[in-house]
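In my numbering, the protein residues as written are 503 to 588.
Because the hints were derived from the structure by calculation, they are not lab data. Even glycine gets a Cβ: it sits at the ideal position worked out from N, Cα and C.
Estimated spans, in silico, between C-beta atoms of each pair:
#: 1; residue 1: Ala-553; residue 2: Asp-533; range: 24 to 34 Å
#: 2; residue 1: Asp-504; residue 2: Asp-528; range: 30 to 40 Å
#: 3; residue 1: Asp-504; residue 2: Gly-531; range: 27 to 37 Å
#: 4; residue 1: Ala-553; residue 2: Lys-532; range: 30 to 40 Å
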Amino acid sequence: MDEYEGTNDVTFIYGDEKKGLKHIEDKHGKDVIPKVVDAVVYGEIKKYVRAKKTIHLEKDGYEAVLSLDEYGKKKTWLLTGWEIND
503 MDEYEGTNDV TFIYGDEKKG LKHIEDKHGK DVIPKVVDAV VYGEIKKYVR AKKTIHLEKD
563 GYEAVLSLDE YGKKKTWLLT GWEIND
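Please model the entire structure based on the sequences and the hints provided.
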């Protein structure tokens with residue numbers, strides 16, 4: 503992720519209703535979480551949004567969105583994810 507100004511390690515945060523694992527579970531169900539994590543680990547980068555400092559990865563019909571900073575500091579973490587046909 504260095505080429506996108508992120509870190510090579512990804513942090514998975516519990517989060518809240520707006521971000522992280524709690525957000526994914528609340529919005530899409532807990533069964534989606536392992537598939538989203540799989541997209542993070544093995545997925546293909548489909549989109550980089552420089553203005554939002556996010557990367558979108560896809561694998562087997564699931565999308566994961568990684569944020570590349572947190573409060574202005576360089577950090578790569580799981581923001582959200584979903585089943586693409588959801």
